[in-house]
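Asker: Okay, here's what each chain looks like letter by letter:
There are 4 protein chains.
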Amino acid sequence: MEKIRVVVWNEHIQDKNQADVLEVYPDGMNAALKKGITEGNDLFEVTEATQDMPEHGLTEEVLNNTDVLIWWAHCGHEGVSDEVVARVIRHVQAGMGFIALHSAHYSKPFTRLLGTTGRLIWRESGDTEVLWNVNPFHPITKGIGEKFILPAEETYGEFFDVPKPDDNIFIGWFSGGEVFRSGLTFTRGLGKIFYFQPGHETNPTFYNKDYLTVVKNAIQWANPGREKVFLGAPWVPKTIEDNK
Amino acid sequence: MEKIRVVVWNEHIQDKNQADVLEVYPDGMNAALKKGITEGNDLFEVTEATQDMPEHGLTEEVLNNTDVLIWWAHCGHEGVSDEVVARVIRHVQAGMGFIALHSAHYSKPFTRLLGTTGRLIWRESGDTEVLWNVNPFHPITKGIGEKFILPAEETYGEFFDVPKPDDNIFIGWFSGGEVFRSGLTFTRGLGKIFYFQPGHETNPTFYNKDYLTVVKNAIQWANPGREKVFLGAPWVPKTIEDNK
Amino acid sequence: MEKIRVVVWNEHIQDKNQADVLEVYPDGMNAALKKGITEGNDLFEVTEATQDMPEHGLTEEVLNNTDVLIWWAHCGHEGVSDEVVARVIRHVQAGMGFIALHSAHYSKPFTRLLGTTGRLIWRESGDTEVLWNVNPFHPITKGIGEKFILPAEETYGEFFDVPKPDDNIFIGWFSGGEVFRSGLTFTRGLGKIFYFQPGHETNPTFYNKDYLTVVKNAIQWANPGREKVFLGAPWVPKTIEDNK
Amino acid sequence: MEKIRVVVWNEHIQDKNQADVLEVYPDGMNAALKKGITEGNDLFEVTEATQDMPEHGLTEEVLNNTDVLIWWAHCGHEGVSDEVVARVIRHVQAGMGFIALHSAHYSKPFTRLLGTTGRLIWRESGDTEVLWNVNPFHPITKGIGEKFILPAEETYGEFFDVPKPDDNIFIGWFSGGEVFRSGLTFTRGLGKIFYFQPGHETNPTFYNKDYLTVVKNAIQWANPGREKVFLGAPWVPKTIEDNK
Numbered sequence: 281m282e283k284i285r286v287v288v289w290n291e292h293i294q295d296k297n298q299a300d301v302l303e304v305y306p307d308g309m310n311a312a313l314k315k316g317i318t319e320g321n322d323l324f325e326v327t328e329a330t331q332d333m334p335e336h337g338l339t340e341e342v343l344n345n346t347d348v349l350i351w352w353a354h355c356g357h358e359g360v361s362d363e364v365v366a367r368v369i370r371h372v373q374a375g376m377g378f379i380a381l382h383s384a385h386y387s388k389p390f391t392r393l394l395g396t397t398g399r400l401i402w403r404e405s406g407d408t409e410v411l412w413n414v415n416p417f418h419p420i421t422k423g424i425g426e427k428f429i430l431p432a433e434e435t436y437g438e439f440f441d442v443p444k445p446d447d448n449i450f451i452g453w454f455s456g457g458e459v460f461r462s463g464l465t466f467t468r469g470l471g472k473i474f475y476f477q478p479g480h481e482t483n484p485t486f487y488n489k490d491y492l493t494v495v496k497n498a499i500q501w502a503n504p505g506r507e508k509v510f511l512g513a514p515w516v517p518k519t520i521e522d523n524k
Numbered sequence: 281m282e283k284i285r286v287v288v289w290n291e292h293i294q295d296k297n298q299a300d301v302l303e304v305y306p307d308g309m310n311a312a313l314k315k316g317i318t319e320g321n322d323l324f325e326v327t328e329a330t331q332d333m334p335e336h337g338l339t340e341e342v343l344n345n346t347d348v349l350i351w352w353a354h355c356g357h358e359g360v361s362d363e364v365v366a367r368v369i370r371h372v373q374a375g376m377g378f379i380a381l382h383s384a385h386y387s388k389p390f391t392r393l394l395g396t397t398g399r400l401i402w403r404e405s406g407d408t409e410v411l412w413n414v415n416p417f418h419p420i421t422k423g424i425g426e427k428f429i430l431p432a433e434e435t436y437g438e439f440f441d442v443p444k445p446d447d448n449i450f451i452g453w454f455s456g457g458e459v460f461r462s463g464l465t466f467t468r469g470l471g472k473i474f475y476f477q478p479g480h481e482t483n484p485t486f487y488n489k490d491y492l493t494v495v496k497n498a499i500q501w502a503n504p505g506r507e508k509v510f511l512g513a514p515w516v517p518k519t520i521e522d523n524k
Numbered sequence: 281m282e283k284i285r286v287v288v289w290n291e292h293i294q295d296k297n298q299a300d301v302l303e304v305y306p307d308g309m310n311a312a313l314k315k316g317i318t319e320g321n322d323l324f325e326v327t328e329a330t331q332d333m334p335e336h337g338l339t340e341e342v343l344n345n346t347d348v349l350i351w352w353a354h355c356g357h358e359g360v361s362d363e364v365v366a367r368v369i370r371h372v373q374a375g376m377g378f379i380a381l382h383s384a385h386y387s388k389p390f391t392r393l394l395g396t397t398g399r400l401i402w403r404e405s406g407d408t409e410v411l412w413n414v415n416p417f418h419p420i421t422k423g424i425g426e427k428f429i430l431p432a433e434e435t436y437g438e439f440f441d442v443p444k445p446d447d448n449i450f451i452g453w454f455s456g457g458e459v460f461r462s463g464l465t466f467t468r469g470l471g472k473i474f475y476f477q478p479g480h481e482t483n484p485t486f487y488n489k490d491y492l493t494v495v496k497n498a499i500q501w502a503n504p505g506r507e508k509v510f511l512g513a514p515w516v517p518k519t520i521e522d523n524k
Numbered sequence: 281m282e283k284i285r286v287v288v289w290n291e292h293i294q295d296k297n298q299a300d301v302l303e304v305y306p307d308g309m310n311a312a313l314k315k316g317i318t319e320g321n322d323l324f325e326v327t328e329a330t331q332d333m334p335e336h337g338l339t340e341e342v343l344n345n346t347d348v349l350i351w352w353a354h355c356g357h358e359g360v361s362d363e364v365v366a367r368v369i370r371h372v373q374a375g376m377g378f379i380a381l382h383s384a385h386y387s388k389p390f391t392r393l394l395g396t397t398g399r400l401i402w403r404e405s406g407d408t409e410v411l412w413n414v415n416p417f418h419p420i421t422k423g424i425g426e427k428f429i430l431p432a433e434e435t436y437g438e439f440f441d442v443p444k445p446d447d448n449i450f451i452g453w454f455s456g457g458e459v460f461r462s463g464l465t466f467t468r469g470l471g472k473i474f475y476f477q478p479g480h481e482t483n484p485t486f487y488n489k490d491y492l493t494v495v496k497n498a499i500q501w502a503n504p505g506r507e508k509v510f511l512g513a514p515w516v517p518k519t520i521e522d523n524k
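Chains as they are written, first to last, in the numbering used here: chain X, 281 to 524; chain L, 281 to 524; chain W, 281 to 524; chain V, 281 to 524.
So here's chain X without its partners, still in its complex pose (with noise of 0.2 Å):
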């Protein structure tokens, strides 16, 4: 079977200056979940990028070879090119997977590819989450039973400001009082798209078993399995004869 290509996009911002930060992630986060998501499986075969780079890693030939992009990002959100937000939005409508983590609810290209704004309420105050696994039959939450716990995660409540989901996979429960739509899944195109909430950059949500489970299962659901088809208005019109 063929590796699923897998870009793991992190601004690499805090985890590049932040003491607090480089103590959970000290080889920056995009290594850390590329190491979470290969250990002990051969199904993907992942490429890191980060805002610093030249077009922030994501140019249209790495574009054209990826099936499924990775996006965290959280200070940086406005210092990403819209042109490369443009080229992003394109593969995606295209069939590029898109798995949106934590804060990239406020990104560019999530925030454009929904047409909403993202907002939601927010608290770092070490809550433990539990989250409810409200859709079991998902691909998205093979092997993960009715619920999985992280001890301490930012709070993140309601209300999320994003379009109808095609589906709701996980609810989350926080310890201070808040619920969350923690993971959300939509289409966009022929792309698919995961949201999922956890991931704060001074918790280690990316060493956790069950996170990382869900990840990689969103990895294999969002691959579009197919050449991606960058649709647009025919060039010539349809006639009647092509209905014979």
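Incorrect hints may have been included.
To be verified - Below, a list of computed lysine-lysine pairs in the BS3-like style, where the Cα atoms sit at most 27 Å apart: (1) L/K444 <-> V/K444; (2) X/K444 <-> X/K508; (3) V/K315 <-> V/K296; (4) W/K508 <-> L/K444; (5) W/K444 <-> V/K296; (6) L/K422 <-> V/K283; (7) L/K283 <-> V/K315.
None of these hints come from the bench; they were simulated from the model.
Guided by the hints, dock chains L, W and V onto chain X, whose structure is given.
Answerer: Okay, now just chains L, W and V, sitting in the frame of chain X:
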């Protein structure tokens, strides 16, 4: 403006015999709910009906004069006659609004309209419930802010076996660790359906101001505002001439 | 790879007695469909069942060994026993795929799983039908281009009284002026449901290559690929300790 | 009752210079539509705006006083300024209704709100279109029976690349063999969106009584009926105390 004709249907079993229920609802749950939704407004004309009445109080004539039917039930599901259930379903399909409260998730009309088991997990431990408003611009949440709190309710938890809803209105957070899709809308034919999770027989939920606001909003939302239409196969097949 | 266990259920009434049907399907519609979906592939293990068999051929044992049930029916809907229908529904909710063909829109299992009347308009006038593929990236349309054509089918038209589908797969265009949502998917519990409009008893649709491609795709899509799970109330209520 | 404040936005290019368009719409398409939706009722206060005006006639002040924006465009999509588009999107997300007519399927506001290409197939051959009402109980179809007919329209066909709609309202049948999901609703943030396919510049569709009924219904449906809410990140993170 014409009043909306509401029937509050209650199995009326535990609130007839069981001490801890009678302590909260000495005159029956139906009486409490009727009082709660009619006090201080002139919107509804409310009739009460109970399982012990002939045809459970839901004759064809009663339903012909009902815009919205509210259903509360717990122990008596199996005792509800299939004929009356079929009648209720026929009226919902023709436009009657249907509001299923709490353990009505296992009732015959609810599970047969939805086609699923209505399965959930549950616990009676006096948890506090925070109901988060995940659809702040839906008519059912008018007057409700970002959330409201019930000091004690029976805990319901996921996985809740219902079809994909039209809209998710509330998500409940329980102090013991559960979450639940506590407000959900569905459509069947012309009929609008609202499932609302709170309303346990030993908790004073039917006296809660926010709860009553939601129920009153839901009645207005579910009101068909038009004659019922009993759909069926046309008696006569269509001809091509009908398309001129 | 294990074969998918399929039951082709046919009421087998008109194709036993009616000359114009026997002319098209001399060995019965079930035999024709079985042949059509098994020829040239090794994917399915197909059993035939008909309404005149004991328990309509759908005993608990048969369903225990069925992954996907195909249902064709027209005149005999009322004669199908409620007990067998309840059994079928229970197996669908537990994961069995269910494919409803043509006039099965009025069958007991279909209308009870969906909770609507299944009403539509219709005409027998030998219209040509063009089935447009409105979900070109769905597994059910694999191998189908932008459309396929049936030279003659019974005309079905809107309004089709079904709940909001998970996905709209085909829209049918009829030469006499009608349109119809000809391919629709639904989920009930763990079970996947596909409604597919063509398949009139006096038209040779069961021999059409594109039609058979769609049915074969739908079987693979609806195959649960896992043990059935019969959901029900947990015997024992949950405790807070369960969330640790 | 307060009037709904509507802006009819028209690129106003072909209806300024092109003979076959001017023959049908001598005073411009915006003037025709304004007249059509205001005649004989007192519901709307309609302003016209065109692409050649400063800021395309859609200044922040204008949008602050707009409840529903109607958008017709065809040749000029690329010339619409990104800044104005971002402003329109921000107002839709905050609650402004948005009605996209005909070739607005390729306009910047529509494709950016939806996140898809808006691709479809098309042909100018004077086909008759029959618009079938597939949502007969939706407010947008009030006063429309099972269908209405446009003697000639530009043919649009599937596959139409849009996200899963909230509701499918109309399906169009074209005499040349195509079908199209001709009326679709979406929500983005607080804003309601209606796409309506007919309205070709050389056909007198803006004078059609049924067409105007639908547009007038859609305006009333999309009217937010409340102050706009510009969602964004809360300035201050939430504290646990907020949940008391």
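Asker: If a hint holds in the structure, say so; if it does not, say that too.
Answerer: Hint check results:
Distance hint between L/K444 and V/K444 is fulfilled; the C-alpha atoms sit about 14 Å from each other, no more than 27 Å. Restraint check for X/K444 and X/K508: the C-alpha separation of about 25 Å stays at or below 27 Å, so the hint holds. About 18 Å separates the Cα atoms of V/K315 and V/K296, which keeps this hinted pair within 27 Å; it holds. Between W/K508 and L/K444, the direct Cα distance comes to roughly 20 Å. Compliance with the 27 Å bound is thereby established for this hinted pair.
A hinted pair counts as satisfied when its Cα atoms are at most 27 Å apart, and W/K444 with V/K296 does not qualify at roughly 43 Å. With a C-alpha separation of about 22 Å, the suggested pair L/K422 and V/K283 falls inside the 27 Å cut-off, and the hint holds. At most 27 Å may separate the alpha-carbon atoms for a hinted pair to count; L/K283 and V/K315 exceed this at roughly 37 Å.
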